[in-house]
Amino acid sequence: MRPVTEELHDIWAFLAESPLLGLTATLAAFLLAQAIWRRLGRSPLAHPVLIAMALLIAFLLISGIDYDTYFEGAQFVHFLLGPATVALAVPLYDQLPRIRELLLPVTVAVVLGSLAAALSAVWVGAALGASRETLLSLAPKSVTSPIAMGITERLGGLPSLTAGLVLITGALGCLMAPLVFRLLRIRDHAAQGFALGLAAHGFGTAQAFGLSAAAGAFAGLGLGLAGLVTAVLVPLLLPWLPVPG
Amino acid sequence: MLHGLTLLLGFQLIGEVIARLLDLPLPGPVIGLALLFAGLITLGRVPEGLRTASEGLLRYLALLFVPAGVGIMVHYQRLGSDALAIAAALVASTAIALAVTGAVFQWRRLQPRARRERDETGD
Chain A
23 MRPVTEELHD IWAFLAESPL LGLTATLAAF LLAQAIWRRL GRSPLAHPVL IAMALLIAFL
83 LISGIDYDTY FEGAQFVHFL LGPATVALAV PLYDQLPRIR ELLLPVTVAV VLGSLAAALS
143 AVWVGAALGA SRETLLSLAP KSVTSPIAMG ITERLGGLPS LTAGLVLITG ALGCLMAPLV
203 FRLLRIRDHA AQGFALGLAA HGFGTAQAFG LSAAAGAFAG LGLGLAGLVT AVLVPLLLPW
263 LPVPG
Chain B
63 MLHGLTLLLG FQLIGEVIAR LLDLPLPGPV IGLALLFAGL ITLGRVPEGL RTASEGLLRY
123 LALLFVPAGV GIMVHYQRLG SDALAIAAAL VASTAIALAV TGAVFQWRRL QPRARRERDE
183 TGD
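One line per chain: the protein sequences are A and B, in this order. Reminder that position 156 of the first sequence reads as 178 in the numbering used here, one-by-one numbering, no gaps. Reminder that position 55 of the second sequence reads as 117 in the numbering used here, one-by-one numbering, no gaps.
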C-alpha cells in the first residue's frame, strides 16, 4: 500500500496542473475579499479586486504555481470581460436622456478630461524615465479595466500591468476627489459625479452613488464615454506622445 | 438570458471582425459596444433578455478583472525599476483628470447662469 503523503502528492500534482484549481481559487479569493472589504467599512483602499489579487498572488508564490498555469483556469473568468464591455452599452443607453439634455458640457468635458488623464500620465511617466511598455500601459489607466486592457493590447503595452494600474488609479481617484473638488470649488453634483466616473471608473462611480443618485448616474455616463473617447483618441495620438521607440 | 448573451457575444464578434478588417486601433469589444449602443438608439428600447444578460455580467464586473490583475506578479521587476515614474504619473494624472473634467463640466453647465454670478465659474 502506498503512503498517504505520496497519494496526496499525486493529487496535488494533478490539481496544480488542472484549470479547475485556478478557476476555483479565483472565485474563492474574490468571495473572501468581498467579506474582508465589508468588514473594513467598504474603503476604496481595501477594494475586493485589490485584496483578491493579493490573496491569489500570495497563494501562487507559496504553492509555486506559475502565472501561466493559473491563467489556464482563470481565463474562463477573464474571457467574460469582452461581452461585459459590450454590455456597457445598456447602462449607457439608459443615460441617453441625460446625454441629450447636457450634450455640450458632457462632450467638452469628456474630450478634455480623457486627454488630460492620458497625456499627463504619459508625460509625467516619460519625464521620470519610464520604459516604453510602462508608458503604453499607463496611457489608458483612467478608463474602466476591460476597455483599458483592450487599448493597451492594441498599443503594444502590457494588459496585465494596465489592469493593476487601473485599480490603483480607481482607489487614488476616490481618495483625492474630495480635496480636488474643494480646492476648485466644484460643488455641482453632476460635475463631481462625471469627474469621478471619468477619472476613477467603477471605483469613482460607486463613490458618486454615495453622494447622490444624480452624481452616480453622471459617473456611469463619464465612465462609459471616457472609455469610448480614450479608445479612439489615444491610439490616434500615439505618434505624438513622448514614448521611446 | 441566453438570447442576451448570444447578442453580446455576437456584437463582440462583429467588433473583432471589423477591427481586423479595417485595421482599426480600437479594441473589438469597444466597437461592439458602440454598435450595440447605436442599435439600441435605433430600436428605442432594451430587449428583456439583453438587459438580464448585461446586468448579470456587470454585477460581477469587478471579479472579471482579477485574473489579469494577478498578472501584475509577472511584472514586479518592472514595477521596481519604474516604481517612482509610475507612482508620480498615477497621482498627478488622476488629480489633473478630476480637476479638468469637474471644472470644465461645471463651467459649461453653469455658463448661462454664470453671466449673473460671474465669480462662480469654477474655471
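No lab work stands behind these hints: they were computed from the structure. Take these hints with a grain of salt, some might be off.
[As the list claims (entries may be wrong)] A short list of chain B residues far from chain A (calculated; beta carbon distances all over 10 Å):
id, residue
1, Leu64
2, His65
3, Leu172
[What the hints assert, rightly or not] Simulated coverage check for chain B against chain A, where a stretch passes if three residues somewhere in it have a Cβ under 8 Å from a Cβ of chain A:
id, region
4, 69–82
5, 87–95
6, 125–133
Quick reminder that beta carbons are idealized off the backbone N, C-alpha and C, glycines included.
The hints, checked one at a time:
no.: 1; hint: Leu64; in the structure: 13 Å, holds
no.: 2; hint: His65; in the structure: 13 Å, holds
no.: 3; hint: Leu172; in the structure: 7 Å, violated
no.: 4; hint: 69–82; in the structure: holds (count 5)
no.: 5; hint: 87–95; in the structure: holds (count 8)
no.: 6; hint: 125–133; in the structure: holds (count 9)
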